[in-house]
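Residue numbers (the working numbering), protein chains in the order written: chain A, 1 to 271; chain B, 1001 to 1271; chain C, 2001 to 2302; chain D, 3001 to 3271; chain E, 4001 to 4271.
Be aware that one or more of the hints could be misleading.
[Stated by the list, open to error] List time: in silico DSSO-like cross-link candidates among lysine-lysine, alpha-carbon distance up to 30 Å:
1. B:LYS1264 / D:LYS3065
2. C:LYS2034 / C:LYS2212
3. C:LYS2128 / C:LYS2102
4. A:LYS264 / E:LYS4080
5. E:LYS4123 / B:LYS1264
6. D:LYS3139 / E:LYS4079
7. A:LYS264 / D:LYS3113
8. D:LYS3065 / D:LYS3079
[Claimed, not checked] Calculated Cβ distances over 12 Å to all of chain B for the following chain C residues:
9. LEU2104
10. GLY2178
11. HIS2184
12. VAL2270
If you are wondering where the hints come from, they were derived from the structure by calculation, not from laboratory data. Here the structure is a predicted model, which means the values were calculated and not measured. The C-beta atom is built at its ideal place from N, Cα and C for all residues, glycine as well.
Take a look at the letters that make up each chain.
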Amino acid sequence: MSVPLFRTAEKRTFTFPGWLRYILIGAIFLIAWQLYVSLSGVSQLLIASPLATLQALIADFANGQLPSAILVSLQNLAIGMGIGIVTGLILASLSTFSRFGRDLLTVLTAVFSPLPGIAILPLTMLWFGLSSSAIIFVVVFGSVWPISANTDTGFRTIGTTTRMVALNLGLTRLQTVRDIFLPAALPHILSGLRLAWAFGWRTVVGAEIVFGVAGSNGGLGWYINNARYFLNPPAIFAGLVVISLLGVLLDTLFQFIEQQTIVKWGMKQAQ
Amino acid sequence: MSVPLFRTAEKRTFTFPGWLRYILIGAIFLIAWQLYVSLSGVSQLLIASPLATLQALIADFANGQLPSAILVSLQNLAIGMGIGIVTGLILASLSTFSRFGRDLLTVLTAVFSPLPGIAILPLTMLWFGLSSSAIIFVVVFGSVWPISANTDTGFRTIGTTTRMVALNLGLTRLQTVRDIFLPAALPHILSGLRLAWAFGWRTVVGAEIVFGVAGSNGGLGWYINNARYFLNPPAIFAGLVVISLLGVLLDTLFQFIEQQTIVKWGMKQAQ
Amino acid sequence: GSSSNAPTSFTIVYQPGLGAATFIILKNQKTLEKQFPDTKIQWDIVNSGSAVREAVISNQGQLGTLGVPPFLVGWDRGMDWRVLLATSRSDSWLIAINPRFKTLKDFGPNDKIGVVAPDAQQAIVLRKAAQQQLGNAHALDRNLVAIGSADGEQALLSGQIAAQLSGSPFQQREIAAGGHVVLHTKDVFGPVGAGLTVLSQSFYNQYPSFSKTVYQDLVNESTYVANHHTEAAQALAADKASGGGGSVAQFKSLLDDTSLVFEKTPSGLVAYATFMKSIGLISKVPGSANDLELPTVSGTGN
Amino acid sequence: MGQPDKEPIVQLSHVSLAYQHGHAQSATILEDVTLSIQRGEKFMIIGPSGCGKTTLIKAIGGFLKARQGEVTVNGVPVKKPGPDRAFVFQDFEQLFAWRTVLDNIVYALQVTKHLPRRQAIDKASFYLELVDVAAAADKYPHMLSGGMKQRAALARALALEPDILLMDEPFGALDAITRNQLQLELNTIWRRTGVTIVLVTHSIQEAVFLGHHVLVLSSSPARVLEIVDTSQAEDLDSPAFTAHSLHLQSLLVRQDKDLIREQVVPLSIVQ
Amino acid sequence: MGQPDKEPIVQLSHVSLAYQHGHAQSATILEDVTLSIQRGEKFMIIGPSGCGKTTLIKAIGGFLKARQGEVTVNGVPVKKPGPDRAFVFQDFEQLFAWRTVLDNIVYALQVTKHLPRRQAIDKASFYLELVDVAAAADKYPHMLSGGMKQRAALARALALEPDILLMDEPFGALDAITRNQLQLELNTIWRRTGVTIVLVTHSIQEAVFLGHHVLVLSSSPARVLEIVDTSQAEDLDSPAFTAHSLHLQSLLVRQDKDLIREQVVPLSIVQ
Ligand SMILES: Nc1ncnc2c1ncn2[C@@H]1O[C@H](COP(=O)(O)OP(=O)(O)OP(=O)(O)O)[C@@H](O)[C@H]1O
Ligand SMILES: Nc1ncnc2c1ncn2[C@@H]1O[C@H](COP(=O)(O)OP(=O)(O)OP(=O)(O)O)[C@@H](O)[C@H]1O
Ligand SMILES: [Mg+2]
Ligand SMILES: [Mg+2]
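Model the full assembly from the supplied sequences, consistent with the hints where possible.
Encoded structure:
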């Protein structure tokens, strides 16, 4: 077979399929974890074993506590990230086409991106009330900067020739952004989205933990915090595992998107 | 003058220098803030005016509280990010050169990057004790993923020809990474560093807020949190302003680095 | 009930824990909803006194529960809130695992003591105790660590901190894990210092009858809880938001413990304020407890 | 082949060009260029490598602003690029990586001519057929050979049916047969549509064979050496053809005197 | 010019090549190619655009693995690329954007030959002088014209003083004079060093003039049409030269029969 030799092709004689390799690594990880808990003599009040975690997972899935917590968090996340993505893309586009937009993005990113969402939660509450809007706002705040920063970098690293072709076709600004800049910057944008999602999650969970706005419908952060409050490490770990699993799921989705776009277009090496 | 017309060249007849435009935008921002506080009738217990903030800034700079808080936070951040950067670059490099490295990075990123540092603080505490090491660890944890993810994307979007030239020169892996991949992926890496710094900050401040090691050596997060507990909004805002100003400072540094590298090399359009 | 003199919406902001039992039962029985069908009653749970304070300042909540010191800080900074009634009176214990710690004198400069927050009742008590036993209110400032109760419990058990001053149910679990009591808060200020239920003066003035009805409901539920530990434990165990997964038996034994009593009369207001002013945390002291109370409890507290 | 109309469509008067990098400016690339191109003529540009051919044709395309002097098209000063001046760039990255070859052309037709998709596909297919890339119509650009990319870009420019075709060494990567074939196709299209053609080439014979006028640039800083009227030299065997070729060659050789160190090979043969 | 040594340095036996994309595989590009290249000879590859010339030379360079058959260099199967087979790529992006032109060559010399910097600079300057890009030695690649980039890449390959020079249309973007000049330089270097040269070109005359053997590929899927011995045809005016040119031309034309629709222009002239 004629394979591009860009990466250690000699060794590629036989490989497991991707999912199997991931599961293998995961299994090794789980075993190490179980062994650490069983053998190190660490207090079971501090760290739960995989088995205990599994039990907690099953129990809290059965009684509906986890599903509803997941739903609440996901909903906050989805709304927040949706707004964050649109805002980030718009900011980056403005930044590309007008000097004022660029200055604004520079100042906004510099001033706001280092501010921790937690630190602005009290203000947020003032504006949005003791509701999930406050959490959604900090998620927007947490995801808009990675998206706009990555998109802006992506836009500004588009090759000169590509830019010139767009100009030659006499595209409107909207067309240029939608049809040229977005696809050309897609590797950057996807990597921004990946981060935005991860940090959006952090913000949702972190905000729920620190600030504990709950009402009857607390999310995953609330679930974890409660478990901590009542010293229930298996539930803490169950919450963390759920967060991770959702992460893995989303990662698969991202890989699929990459495969269908930038890898197919030759803009990025395959995984 | 012959100027590339890639951006609205017609309008570029006269422009203020960059710093002046930023200061202008900043000034407008400050005025809007002062007007909001003065005119909206919002409780001064929740939001401080720019003037009150300035007073608090001056007072707490004079009595040494802020300088020492800044120092503590910056120190935690610098150590944490240093470790995070090196780890991130190593992970991305391993991921490029070995299938196992790639699988490992994929699994690690998917599993760990969505976990909020705050949620793992209790574990961290268990491993590192109630010292700044615990905070440093969560900073590492917070900065390693944006760096490794961006670097990995950068590595994998390097052009085929560039890769082939490196192969043709028969470079060792170390040489390939150091001399080819790192500079070629620099736009991505810098955008990852920018984010890592922003999120590193968030983590430091967030961790200090949640986890506040008090006494004489509290950082900025502790400072803000203390101000919040004792209902002192000007000090809260003074803390936020300091964080932002440090952000602006670092942003200037990043722009300078970009100017001296990827802009000079034609890999990125100038600001 | 009369709804003519009621607000259109009313938000109650409370904190999780055993003291929340009163509110959970009030919520479950929908007493207020029945009395005021035209008022939108909302329940929000937040996890610190300062969050309650922020909710009330921004008028996102009207009725809040919090400890004496955060209440006093708010009052000192000009909030117009007053005490509607007390919720509970608790005794918190300073617990250490290492037998070396018998009194405050045994704590060296590196022995950390965990408290929930720098403005929490526990932090104030510890300073007062330092004043009494060591002659300097700030003698232990360097030892203080702000750490959530749950994290603090873990830190104590794993030896990261030398002692922890929190409350139920953490202190009972810490004792069960081999800890011993170094200090009772009731030994420092006396058996005072309570969880407070507060309301703004202006709200009370605008809706006096509504406020009085809420007060009466809370008094009723508080009495009910005090006399029906089993039912209260069931409510706590069932309410995942504020109870959080404990079993009925666990809650029952915590309620049976005498370190927390459902006490309606505010206490310790003046004592705490006097001390907090003396160490510079607030700038004024009320002439009497009466200055801090709404007519519902006027003249009963101290 | 007939004479072009005697009406200037492109005019440059005393044009100087240079590149701008931030605030620095390169040395002058082209100095004091004055020329006019008649509507419907085929205007060739030749000159030593690196002299400024690309720079000049980019200025006509509107991608560079003149430092001095003025470029007009149809009597109007050139302000920006547009699809009335379809451009074929010198390098291989001018197709959009995220569209198939066919879709690259279809897209260009849709945005510039607002053709319905069906019609755009027909037209695109026609031109792909013409340049013999129809077999790769559904491939993504990164799967094409260098010559195929150039031909596809040519097809896109032709499909736009512009007033002026600006081509920067469009046949540079083609073998003799394909190149010859495309020269003939270009002539056919020109005869049918009367399009004005400006073409940069490094082949003297191509210039004489295709062009009505050949602009010879000196080496840098480039000036106009001569504009040779070759409209009568269409017959390859005519003495005029040979005379023109030798004349152009001598003009170029004079420029490169110092380069010629060894035997001088008849250029008309070895190239 | 003398005869090359009668010792094969490159051998292909029954080699088939195809491209791999993830798990999919392209149609066969080259089929059953068998050939051998003698040490010290100049071996030319011609064929219609898109037939597989680049693919073939990349396989010799070690960038592609044969699907069937074997490629050996010095009797050893080719496993990966190396600086003993210096490669000049077809496209313009083969210089490292982050190094000046001079530094590109200096770097290559330092990593492959471990020359001290001083000496590397001398050698690099010498070769830049040779290809006449010395004036741009301190520029970054993005400031170079297409032809200058190609010449700089050529200088880098020459500077490596390899066993085998693999060149993919190295003179494609050059004007006649520069091209001729470099052909002569190449001959000089070849005579001095006895390097084996494999060169892809689209010019029949270049092939006959430079080459000892000319491999003619058919259009896709490409096969070996004929390997013509042109070692005796070095004199441009000799009948052998003309005969070989006409023969190669007829081989190519046969391939492209269907392409030729109009008049057939003598290829030796118009190209
Ligand atoms: N990465 C790739 N993936 C799939 N197919 C490819 C790839 N690169 C080239 N091809 C196909 O392989 C064939 C030969 O391409 P190659 O680049 O070898 O041609 P070439 O002879 O060098 O042409 P040219 O003279 O135009 O450079 C073409 O049909 C092309 O579409
Ligand atoms: N972006 C740029 N910045 C600065 N100088 C540049 C830039 N692009 C080109 N130049 C310089 O301008 C001069 C002319 O370049 P140009 O690309 O116009 O040459 P050309 O005639 O097209 O050459 P070729 O035939 O090799 O393509 C060269 O000396 C080159 O170094
Ligand atoms: Mg050019
Ligand atoms: Mg090729």
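Cross-check of the supplied hints:
1. Annotation: proposed proximity of B:LYS1264 to D:LYS3065 holds, straight-line Cα distance about 21 Å (limit 30 Å).
2. For the suggested pair C:LYS2034 and C:LYS2212, the alpha carbons sit about 16 Å apart, so the restraint of at most 30 Å is met.
3. The suggested pairing of C:LYS2128 with C:LYS2102 holds, with an alpha-carbon distance near 17 Å, which does not exceed 30 Å.
4. Only pairs whose Cα atoms come within 30 Å are accepted, and A:LYS264 paired with E:LYS4080 is accepted, the gap being roughly 25 Å.
5. Taking the CA atoms of E:LYS4123 and B:LYS1264, the gap is about 26 Å. The hint holds against a cut of 30 Å.
6. A threshold of 30 Å between alpha carbons decides the hint, and for D:LYS3139 with E:LYS4079 the separation of about 29 Å falls inside it, so the pair holds.
7. This hinted pair checks out: A:LYS264 and D:LYS3113 have alpha carbons roughly 29 Å apart, not beyond 30 Å.
8. The hinted pair formed by D:LYS3065 and D:LYS3079 meets the criterion: a straight-line CA distance of about 8 Å does not exceed 30 Å.
9. At roughly 16 Å from the closest C-beta of chain B, the C-beta of C:LEU2104 stays outside 12 Å, upholding its exclusion from the interface.
10. Remark: the non-interface label on C:GLY2178 is consistent with the geometry, its nearest Cβ contact in chain B lying 18 Å away (cut-off 12 Å).
11. Distance check on C:HIS2184: its Cβ is at least 23 Å (rounded) from any Cβ of chain B, clearing the 12 Å threshold; non-interface status holds.
12. Against chain B, the non-interface label of C:VAL2270 holds: every CB pair exceeds 12 Å, the least being about 20 Å.
In this structure, every one of the numbered hints holds.
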